[in-house]
Amino acid sequence: AQKVTQAQTEISVVEKEDVTLDCVYETRDTTYYLFWYKQPPSGELVFLIRRNSFDEQNEISGRYSWNFQKSTSSFNFTITASQVVDSAVYFCALSPNNQGGKLIFGQGTELSVKP
Amino acid sequence: DAGVTQSPTHLIKTRGQQVTLRCSPKSGHDTVSWYQQALGQGPQFIFQYYEEEERQRGNFPDRFSGHQFPNYSSELNVNALLLGDSALYLCASSLDRGRSNYGYTFGSGTRLTVV
Chain V
274 AQKVTQAQTE ISVVEKEDVT LDCVYETRDT TYYLFWYKQP PSGELVFLIR RNSFDEQNEI
334 SGRYSWNFQK STSSFNFTIT ASQVVDSAVY FCALSPNNQG GKLIFGQGTE LSVKP
Chain U
41 DAGVTQSPTH LIKTRGQQVT LRCSPKSGHD TVSWYQQALG QGPQFIFQYY EEEERQRGNF
101 PDRFSGHQFP NYSSELNVNA LLLGDSALYL CASSLDRGRS NYGYTFGSGT RLTVV
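Keeping their order, the protein sequence lines are chains V and U. Heads up: the first sequence is residues 274 to 388, going by my numbering. Heads up: the second sequence is residues 41 to 155, going by my numbering.
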């Protein structure tokens, strides 16, 4: 079975706090891609990062960082020094078998950053 | 550089009716995928079109059909609408390079309400 689980439905933090969004995936494919998308109230899914299954290096982009661990099938996303503008729903997604086909999304985590 | 454009943005239909949603992909993209996102859920893959043919299909009934035109734009048709079809319908475009996954650009979606 191919599945993405985001166990945290909602998270609420105060501005400047660090927050980690969890993502656990299931696939039997050896080649796959993992994604994180941000969905603001406007509805559009905004691409944040793509990671292939052969690259386990952690990545940092400004206040955002991602921790990919194949051993635990996890691809967690951390926002450092959160800001009100980070408030949105965040989705983790799996693209199995590197075929440019469908994305399998998790249920999403709604992040609320309060001033 | 225009991103993915979807029309209409909102639509209200009566149960049993038919609906057509439209999508223009990002400039330079040749592949279009459609997703259904129910309230509070992650997007679910409906199907993908490439070279004017349906290349992949998710677990959706035949009431859901689509089309891709020579200019790469696409339509999603839903027949015999059910109340459960109420959702945000997202279009995503990508560039097919030997079927490798180079990421997707999403539109803002069409909010369909069936009454």
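A few of these clues could be false.
Claimed, not checked - Calculated pairs, DSS-like style, for lysine-lysine (alpha carbon to alpha carbon, straight line, at most 30 Å):
no.: 1; chain 1: U; residue 1: K66; chain 2: U; residue 2: K53
no.: 2; chain 1: V; residue 1: K311; chain 2: U; residue 2: K53
no.: 3; chain 1: U; residue 1: K53; chain 2: V; residue 2: K387
no.: 4; chain 1: V; residue 1: K289; chain 2: V; residue 2: K387
no.: 5; chain 1: V; residue 1: K311; chain 2: V; residue 2: K276
no.: 6; chain 1: V; residue 1: K311; chain 2: V; residue 2: K387
no.: 7; chain 1: V; residue 1: K311; chain 2: U; residue 2: K66
no.: 8; chain 1: V; residue 1: K276; chain 2: V; residue 2: K343
no.: 9; chain 1: V; residue 1: K289; chain 2: V; residue 2: K311
These aren't lab readings, by the way, just hints derived from the structure by calculation.
Quick rundown of the hints versus the structure:
At most 30 Å may separate the alpha-carbon atoms for a hinted pair to count; K66 of chain U and K53 of chain U meet this at roughly 28 Å. With a C-alpha separation of about 29 Å, the suggested pair K311 of chain V and K53 of chain U falls inside the 30 Å cut-off, and the hint holds. Proposed proximity of K53 of chain U and K387 of chain V is contradicted: the alpha carbons are some 37 Å apart, above 30 Å. About 9 Å separates the Cα atoms of K289 of chain V and K387 of chain V, which keeps this hinted pair within 30 Å; it holds.
Taking the CA atoms of K311 of chain V and K276 of chain V, the gap is about 19 Å. The hint holds against a cut of 30 Å. At most 30 Å may separate the alpha-carbon atoms for a hinted pair to count; K311 of chain V and K387 of chain V meet this at roughly 18 Å. With a C-alpha separation of about 19 Å, the suggested pair K311 of chain V and K66 of chain U falls inside the 30 Å cut-off, and the hint holds. Between K276 of chain V and K343 of chain V the CA atoms are separated by roughly 15 Å; this keeps the pair inside 30 Å, and the hint holds.
In summary, the hint linking K289 of chain V to K311 of chain V is supported, as the alpha carbons are separated by about 19 Å, within the 30 Å threshold.
Taken one by one, the earlier hints fail for this structure only at number 3.
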